[in-house]
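Using the sequences provided together with the hints, build the complete structure.
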Amino acid sequence: MKRTTGDWVLAGSTGLAVVLVVALVACVVGLVVWNGAPTISVEFLTGSPTADMTGGGIWPAIWGTVVGMPLAIAALLLFADPTDLPQLLFVGLLVSLTAAQTLRPFTFGDWWRGVRRQGAHTRDLSRPPGAGAASLVPVVPDPPPLGRAARVARELEGDWFDAAPVPRREEG
Amino acid sequence: MEASDSTVPVEAASDTRRVSRPPPRPPLGASFKTPLSHRLAEKTIAALALVAVVAIALIFLFVAKEALPLLWDRAGDASLRLRDLILARHWPGYDEAVYVWQPVGEPAKLNVVPLFVGTLKVTLVTMLVSVPVGVACAIYVSQYAGRRTREIVKPTIELLAGVPSVVLGFFALIVLASWVQQAFGLTYRLNALVAALGLSLAVIPVIFTISEDALQAVPKHLGEAALALGARKYQTTLRVIVPAALPGIAAAVILGFGRAIGETMIVLMASGNAAVVEFFDPTTSVRTVTATIAAELGEVANGDEHWRVLFLLGLMLFAITFVLNRLGSIAVARLHRRLTAEEAP
Numbered sequence: 001m002k003r004t005t006g007d008w009v010l011a012g013s014t015g016l017a018v019v020l021v022v023a024l025v026a027c028v029v030g031l032v033v034w035n036g037a038p039t040i041s042v043e044f045l046t047g048s049p050t051a052d053m054t055g056g057g058i059w060p061a062i063w064g065t066v067v068g069m070p071l072a073i074a075a076l077l078l079f080a081d082p083t084d085l086p087q088l089l090f091v092g093l094l095v096s097l098t099a100a101q102t103l104r105p106f107t108f109g110d111w112w113r114g115v116r117r118q119g120a121h122t123r124d125l126s127r128p129p130g131a132g133a134a135s136l137v138p139v140v141p142d143p144p145p146l147g148r149a150a151r152v153a154r155e156l157e158g159d160w161f162d163a164a165p166v167p168r169r170e171e172g
Numbered sequence: 001m002e003a004s005d006s007t008v009p010v011e012a013a014s015d016t017r018r019v020s021r022p023p024p025r026p027p028l029g030a031s032f033k034t035p036l037s038h039r040l041a042e043k044t045i046a047a048l049a050l051v052a053v054v055a056i057a058l059i060f061l062f063v064a065k066e067a068l069p070l071l072w073d074r075a076g077d078a079s080l081r082l083r084d085l086i087l088a089r090h091w092p093g094y095d096e097a098v099y100v101w102q103p104v105g106e107p108a109k110l111n112v113v114p115l116f117v118g119t120l121k122v123t124l125v126t127m128l129v130s131v132p133v134g135v136a137c138a139i140y141v142s143q144y145a146g147r148r149t150r151e152i153v154k155p156t157i158e159l160l161a162g163v164p165s166v167v168l169g170f171f172a173l174i175v176l177a178s179w180v181q182q183a184f185g186l187t188y189r190l191n192a193l194v195a196a197l198g199l200s201l202a203v204i205p206v207i208f209t210i211s212e213d214a215l216q217a218v219p220k221h222l223g224e225a226a227l228a229l230g231a232r233k234y235q236t237t238l239r240v241i242v243p244a245a246l247p248g249i250a251a252a253v254i255l256g257f258g259r260a261i262g263e264t265m266i267v268l269m270a271s272g273n274a275a276v277v278e279f280f281d282p283t284t285s286v287r288t289v290t291a292t293i294a295a296e297l298g299e300v301a302n303g304d305e306h307w308r309v310l311f312l313l314g315l316m317l318f319a320i321t322f323v324l325n326r327l328g329s330i331a332v333a334r335l336h337r338r339l340t341a342e343e344a345p
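Just so you know, the sequences run in chain order H and L.
Residue numbers for the first sequence follow my numbering, beginning at 1 and rising by one.
Residue numbers for the second sequence follow my numbering, beginning at 1 and rising by one.
Mixed in with the good hints, there may be bad ones.
[What the hints assert, rightly or not] Here chain H is said to cover these stretches of chain L; the calculated rule only asks that three of the stretch's residues, wherever they fall, bring their Cβ under 8 angstroms from a Cβ of chain H:
id, stretch
1, 158–166
2, 234–242
[What the hints assert, rightly or not] Straight-line Cα separation of at most 25 angstroms, SDA-like style, residue types lysine to any residue; simulated pairs:
id, chain 1, residue 1, chain 2, residue 2
3, L, K220, H, W8
4, L, K154, H, L20
5, L, K65, L, V112
6, L, K154, L, K65
7, L, K154, H, D7
Think of the hints as simulated: they come from the structure by calculation, not from any bench.
Backbone N, C-alpha and C define an ideal beta-carbon position, used for all residues, glycine too.
Structure follows, in structure tokens:
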């Protein structure tokens with residue numbers, strides 16, 4: 001396709017935005033990695049702060065973030081004053097919400113994919129493919145065309161996919 | 001096969017060779033029972049969704065419960081008058097009536113105007129920066145970028161959405177502030193502009209991701225029809241594809257706005273936090289509503305006037321975001337109706 005000036009202007013200006021943003025991402029990540037990476041060591045990750053928090057490690061902070069937080073909330077729920085019920089309820093809701101968000105991929109992931117793939121359990125088989133609510137699920141491809149004998153048999157039997165009787169053609 | 005059959009006229013009445021029909025069977029799906037595990041999972045997901053709604057309602061109730069006693073239950077000889085929250089007042093020692101947020105002064109001056117000026121200024125500059133940049137990135141990636149470029153650029157920008165806001169604030173505080181000060185020769189190193197640029201880093205990936213999805217979702221035949229009629233690529237993009245994706249882009253902007261107005265950490269670190277009432281100059285320091293709540297709520301006496309005003313600020317912020325979201329979704333719906341030409345018979 002022939003590119004004109006307008007194309008170059010649009011592609012150039014939008015491309016410039018992309019370059020700008022990617023450069024900024026590189027700056028942010030670069031700053032953190034460049035200044036942070038050299039200080040990471042086993043001692044830094046597992047030690048406690050020393051010398052008025054100007055030396056040593058950051059294990060307490062990691063512990064507090066990853067492990068201590070749920071424990072703290074659990075302790076709060078166990079030992080709190082019963083008069084704080086509304087607040088506790090709220091904390092509990094937040095915790096269950098977070099837990100649900102975190103666990104979702106592990107619990108329902110495969111199940112959900114299975115339903116999406118087959119479309120078997122949500123599909124209304126009494127309708128033709130692609131009609132009404134059934135069009136919300138992926139459409140199963142049409143079966144291969146029937147042979148003549150099967151077609152006649154099916155006509156005699158009535159169509160499974162239509163509630164109304166199928167009009168039959170007059171055989172010559 | 002079926003279609004051609006049904007177009008042939010039926011002569012059922014005169015058909016003597018008709019074979020008697022078996023009694024109608026129930027539709028095939030009727031006898032199928034959804035497995036118990038699936039029904040349980042469905043109920044569980046519905047319950048979780050309900051929990052989210054209930055949690056939001058409870059947050060609102062909790063904030064309102066803390067804020068509203070301000071209206072009828074002000075401690076004793078309190079110097080706080082409700083109109084001082086939003087109107088300028090001539091405080092002793094001042095030359096004129098002023099808007100001032102000075103909660104630890106004596107008397108405490110709790111005027112919310114400076115905070116909302118700060119919030120709106122930062123948000124406005126953020127949106128002015130991040131909407132063009134985010135949408136431009138989306139246009140480039142969805143229309144012009146090759147497959148390889150797209151596979152590099154998209155995850156890179158989405159990586160930005162995963163960077164914790166405290167890291168972005170750190171970047172704005174340490175690096176961006178110096179750049180901006182040197183570039184513009186500013187007096188105040190931390191100001192609304194720096195906060196807005198830092199905030200843009202958080203908002204751009206939101207706008208980019210959703211706009212890009214919207215642009216990709218435009219049916220291919222629209223663009224192909226325009227190209228077939230002789231339009232250039234840029235004409236197709238600007239006059240066909242972008243308008244068709246406009247509802248999605250508008251939704252992206254609304255979400256980005258919500259992120260910008262509610263973001264706390266970046267503005268707390270990079271905005272300077274001085275509650276200056278200055279409407280038009282983005283290079284002065286500002287103190288936003290969110291940063292004020294974050295900075296002061298930990299230091300205030302429970303049940304104090306100051307405490308209640310902080311919750312009131314939260315309530316106002318909540319109301320603003322809620323109203324804007326509603327207006328936004330109404331606008332998006334209207335846009336969608338117009339673009340899909342539903343008025344046509």
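Hints and how they fare:
| no. | hint | result |
| --- | --- | --- |
| 1 | 158–166 | holds (count 3) |
| 2 | 234–242 | holds (count 4) |
| 3 | L:K220 - H:W8 | holds, 22 angstroms |
| 4 | L:K154 - H:L20 | holds, 14 angstroms |
| 5 | L:K65 - L:V112 | holds, 19 angstroms |
| 6 | L:K154 - L:K65 | violated, 44 angstroms |
| 7 | L:K154 - H:D7 | holds, 22 angstroms |
Checked against the numbered hints given earlier, the structure breaks only hint 6 and satisfies all the rest.
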